[in-house]
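Participant: Letter by letter, the chains look like this.
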Amino acid sequence: MAQRAVWLISHEPGTPLCGTVRFSRRYPTVEKRARVFNGASYVPIPEDGPFLKALLFELRLLDDDKDFVESRDSCSRINKTSIYGLLIGGEELWPVVAFLKNDIIYACVPLVEQTLSPRPPLISVSGVSQGFEFLFGIQDFLYSGQKNDSELNTKLSQLPDLLLQACPFGTLLDANLQNSLDNTNFASVTQPQKQPAWKTGTYKGKPQVSISITEKVKSMQYDKQGVADTWQVVGTVTCKCDLEGIMPNVTISLNLPTNGSPLQDILVHPCVTSLDSAILTSSSIDAMDDSAFSGPYKFPFTPPLESFNLCYYTSQVPVPPILGFYQMKEEEVQLRITINLKLHESVKNTFEFCEAHIPFYNRGPITHLEYKTSFGQLEVFREKSLLIWIIGQKFPKSMEISLSGTVTFGAKSHEKQPFDPICIGETAYLKLHFRILDYTLTGCYADQHSVQVFASGKPKISAYRKLISSDYYIWNSKAPAPVTYGSLLL
Amino acid sequence: MGPLSRDAWAQRLGAFRASPSAFMAGPEGEDLGRNLLGDLRSEKLSEQTKVSLLALSLEYPAQLWPDVSAAEVAATSLLDTLVLLPPRPSALRRPLLLAATTALAAGGALGPTSGASCRLLPLLLGLASGSDLGRGFVPASEQRPLQATACECLRELESCKPGLLRGSLGLLRGLLGQEGPVQPLSLLLALVLRNTLVLQSRVGAGLGGLLTDKVSPTGGGPWDWTLVEKGDGRLQPQAPSWPAAEEGEGERSLTAREHSPEEARELRAAVIQLLDTSYLLTPVAQAQLLWLLGWALRGLQGQPPALFKPQLVRLLGTAQMTLLHAVLALKAAFGEALFTAQDEALLLRRLTLAAQHPALPLPTHLFYLHCLLSFPENWPLGPEGEEAAPLLLGPQLCRGLLPSLLHDPMALLARLHLLCLLCAEDEEEEKGQLPSPRHYLEELLAGLRQQAALDEGPRALATVCFQASYLVTRCLAGQPIVLTPLIHGLAQLYRVRPMLASHFVDFLDQVDSELREPLKVVLRQEVVSRLGRDEALCWHLKMLAKVADGDAQSATLNFLQAAAAHCTNWDLQQGLLRVCRALLRAGVRGGLVDLLQVLARQLEDPDGRDHARLYYILLAHLAGPKLGVALGPSLAPPALASSLVAENQGFVAALMVQEAPALVRLSVGSHGVKGPLPVLKLQPEALEPIYSLEVRFHVEGQLYAPLEAVHVPCLCPGRPARPLFLPLQPRCPAPARLDVHALYTTSTGLTCHAHLPPLFVNFADLFLPFPQPPEGAGLGFFEELWDSCLPEGAESRVWCSLGPQGLEGLVSRHLEPFVVVAQPPTSYYVAIHLPPNSKLLLRLEAALADGVPVALRTDDWAVLPLAGDYLRGLAAAL
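First to last, the protein sequences are chains A and B.
Quick note: the first sequence uses our numbering, first residue 262, plus one each step.
Quick note: the second sequence uses our numbering, first residue 3, plus one each step.
Do not take every clue at face value.
Claimed, not checked - The calculated DSS-like cross-link candidates involving lysine-lysine, where the alpha carbons are at most 30 angstroms apart (straight line), are:
id : chain 1 : residue 1 : chain 2 : residue 2
1  : B       : K522      : A       : K327
2  : A       : K479      : A       : K465
3  : A       : K501      : A       : K455
4  : B       : K311      : A       : K416
5  : A       : K362      : A       : K645
6  : A       : K485      : A       : K692
7  : A       : K362      : A       : K727
8  : A       : K559      : B       : K46
9  : A       : K455      : A       : K479
10 : A       : K655      : A       : K727
11 : A       : K362      : A       : K501
12 : A       : K314      : A       : K479
13 : A       : K455      : B       : K522
14 : B       : K46       : A       : K327
None of these hints come from the bench; they were simulated from the model.
Same shape as in the complex, but just chain A:
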């Protein structure tokens, strides 16, 4: 279980190479083992230049995708995981774990402790999950609190030293690179016995525990016969525990009000020491019934120093917070649109913001617009062919608002207007963006009194909640729309 090499590559479309290797690290002792294990099927780790080229080609990130290239475009070259074989100098380097996130390509090559021909199934290669975790760890480190390019550069320049701690010989010791950074900084602190490896020091100061619940609500609304609207809540509980002692124990309970929606699909942080079987088995896969476990959801854990995601959950609330319909019709040279949105009465009517984005894909710029709205203002982005309906902080008393109008478009020029493979013809959507503070759709909350802390001193406990929209789509009901299998299960 080890990595032979790791790379960070920035994707730079439009430049001659389309990318630059920003960081790379090779592990020669692992490489030596790979040579023995792989035997005749061994392919050495290439230098950065050839690797960059092969990886960008494989990931279709080179600018030359005009022509059909069999080694990339053939229908039989099917990749179903983020793990690739790269053709370099006539040989295939496999497995290369790679993914693109925020214009950075994260890549590594795990050691496979056997021959590569025939290829063993990925599930049997222990280094694959380690490789992913390694890359996720680097990604978290680069993007936690990072705001601009110079900060990114600073963090990139710290990587060699950090990996000397977190992965000195290719076997990953800790995916949390921030820990390694703290470790380097506090090297003089002598660690006491039985210090967890994931906790590099101890906290000194006022004890406090902060719990914040963020729920994201997704929805697909069609307003159509035979197609069900779908929506789902995804919650993240983030904790920061500033407590003295090596291994303070904390138990946090999440509670639901009497008519709250049960939490399902709960995934917990590895620091959680035990789990109730009801929590483990509560799943969105099963049909819902009244007997579903509805809490309290207890999570006993020993917190790490840093802020961490204690758990994730999903939930199926009975109604979507905002129900809407969108009708769009092509009438000769113009589009006629009608939109209606209704906030459910049970939802807290105090938004931080609420907007409806109405994009028009595969068309020219907006040249003319006539509209009437019952509430809010409309912003027009002509060149982007986008309307933004700013609804503001509150729905009116009726809880229902509408917008109707006609839009005319100019000639299409390929570079400027957005292309979308799905919104063809009248197939179109509007997307809602909103945020409500101090509110969760499930009703889920962390009761400050039920937080148990086994550590010296009584900590100050603070709890936060918010609801955010995410992928909240309302499709034009007058045209076909992409459906999921779930929408067809009426």
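Given the coordinates of chain A, assemble chain B onto it according to the supplied hints.
Facilitator: Chain B in isolation, oriented as in the chain A frame:
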């Protein structure tokens, strides 16, 4: 040269990293390793610069110190540098330890005879045990980090030389129980334990006191080179490949050895000790521990896998990829012994959930999807190594995992695979499931085709559409209910966007004939139903070159005729000619002759006209099959990258007779004595399948009349071939040498000519019997012949030795057909007709035990020496 400045080093390191091979080939390459070691002791360089030098040596030791001795020197120098560090905190100690370890392990210098190894190992073990190394070697503040680093270094050495630290098991266990840093010691102990278990069982030994002895039994240090040397090159996979392990052969027998109750108890205690503190490890380290211990204990008697149970619930709750993966590894290692059917169902549910959980990133989803389809079931049903949906993963569980157009291409394909597997199962199960997965699949494919049809769409959209179609044809082959709409959908896609012709050609190349043939037909119809004038003409021609065959000739030719008028540039003309070529290969003749004639006159481009004329000539002069071969893919790799040259080379190869090594062997069998002429029986044998074999013979010196060639339709190696009969027409009764040539066609369609080794016609091969005289008249007949030989002929007497079988044996073996009068066992009269018109008469009488006197007469002087040789040959053959 003095030490380089910080900037000079930064520049050098940058240049090196940009391309190590180029740098090493340059002027500075040779000294880099030496300079680096030297400058580590320079007082002018900052620690930070030195750390960056060491970082380079950690990554590129093979470039810096390319051979074993250089690696040894480097490691020694690094250790010296370490010892010479002043006794104050320094950022160099850690990287120096890592660098020395890397230099030894990667450079292949690690071994009992290496001085650096013998310095490094005690140093590492001392540091790992936290013992005082004296003289302030380790400042107090660095003790802890260095202890961890030493453990990491030891672990790397043990990984590269399994068994090296076998003798330290007890020591490490003791350290873990005391004050040592938990994670590095746990991982080191687990690795050494695993390696020891494997190696001990391989040599048939138990653990003995290894787990409890604090001091090595071998003396001279707790490392053990003996096992290492034996097991060298046999590195231990941390988790052997699952399917291989399932076969059970190697691994199981390795661990089958029983340990004594004492050993088993200590082993269990050590494992429990490791597992109990595993929560103190980082998640990735926990995962490593589980992989190591799981596969070490697999099949080990007295070590119940239930030891792992307390960890499982905790692990199942997390979404950490390494942890869930480690649980799957335990599942694969122990199966039902650790996971009951209910546990298995729970694990599958957690995996299903993780494969779609909105809080997890896409690469994680995809990996879990792969794990689902390769899930190590307790009782797998399907063929091993093939992706399949586990039995417990019913349609209900899969619902959330089905694809939609909104998914990323990889997610779409992965989920599509699952959907196909569901459709395949659905075929057998009851209908009425609404909506039916198959219907959903069709809608999805239609959506993908719609995206691929978009004018401005990137190529990736088309690629995904064809990949999805290919996946469906692979999974659902033999289901016309799926394939028929697919075929028509694709034809429609072509109608809308012919520029995807390359994708279609590739698709046709990849799919089975079940889909290929009907798809070809509809695509051909799509193309030929167009008017010749079309912006997409070049794509139509490309498509047609792939799908044109003998069917629907007239429509195809009409299309081509109409298209010819619009083929105004070289590209289009070549495209047109490629279709003609495809038609030629398919054996189309009639209308094509006219078309080629027209093209040979009318095409604007001279190259195009030449080609058309060439095809016309070929068509007019070659038979169908030959034409097919001539126009097939070029057999010889083209010397020039010109299409015309390549094509002509193909013709040359295909149309000319090739001189080739003989692919056929002939051997002479026993000769027949029936009929008016001697006949040589030849046994042919082919080394490769060959066809239309013609064997030609030439007799030296015109001894015989010219020989007819022999024809064989086909010969295959391994299949018994009929013998060939070659009638000989001697002009004089003499042995001869036959030159043999073979002309044949290979399975690739080449006509070859080969020289075969010569064949020899022996004197005896010419023997024919006289017509059998009536019963009782033999003696008179013989006497008449005997007398007729003289006076023109010749007479002789020869002594012929006899073997143990006596005269009777000799005659029956060689002369049987020619015996006229027989008085066994002592007397035989033999009359041989030698074509064209000679005779040889033998009297074998009054045989003794060791020989027989032979009186011989012939009417042909020239035969006498041959006959003498023949008889002596018989004697010699005894």
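Participant: Each hint: holds or not?
Facilitator: So, going through the hints one by one against the coordinates:
A threshold of 30 angstroms between alpha carbons decides the hint, and for B/K522 with A/K327 the separation of about 25 angstroms falls inside it, so the pair holds. Simply put, A/K479 and A/K465 have alpha-carbon atoms about 41 angstroms apart, too far for the 30 angstroms limit, and the pair is violated. In summary, the hint linking A/K501 to A/K455 is supported, as the alpha carbons are separated by about 22 angstroms, within the 30 angstroms threshold. Only pairs whose Cα atoms come within 30 angstroms are accepted, and B/K311 paired with A/K416 is rejected, the gap being roughly 40 angstroms.
Our distance criterion of 30 angstroms between C-alpha atoms is met by A/K362 and A/K645, whose separation comes to about 24 angstroms. With a C-alpha separation of about 17 angstroms, the suggested pair A/K485 and A/K692 falls inside the 30 angstroms cut-off, and the hint holds. In summary, the hint linking A/K362 to A/K727 is supported, as the alpha carbons are separated by about 26 angstroms, within the 30 angstroms threshold. For the given pair, A/K559 sits about 59 angstroms from B/K46 by alpha-carbon distance, which is inconsistent with the 30 angstroms threshold.
For the hint linking A/K455 to A/K479, the alpha-carbon distance of about 43 angstroms lies beyond 30 angstroms, and the restraint is violated. For the given pair, A/K655 sits about 16 angstroms from A/K727 by alpha-carbon distance, which is consistent with the 30 angstroms threshold. A distance of roughly 26 angstroms separates the Cα atoms of A/K362 and A/K501; the hinted pair therefore holds under the 30 angstroms criterion. The hinted pair formed by A/K314 and A/K479 fails the criterion: a straight-line CA distance of about 38 angstroms is larger than 30 angstroms.
At most 30 angstroms may separate the alpha-carbon atoms for a hinted pair to count; A/K455 and B/K522 exceed this at roughly 70 angstroms. Pair hint B/K46 plus A/K327 does not hold up; C-alpha atoms about 55 angstroms apart against a cutoff of 30 angstroms.
Checked against the numbered hints listed earlier, the structure breaks hints 2, 4, 8, 9, 12, 13 and 14; every other hint is satisfied.
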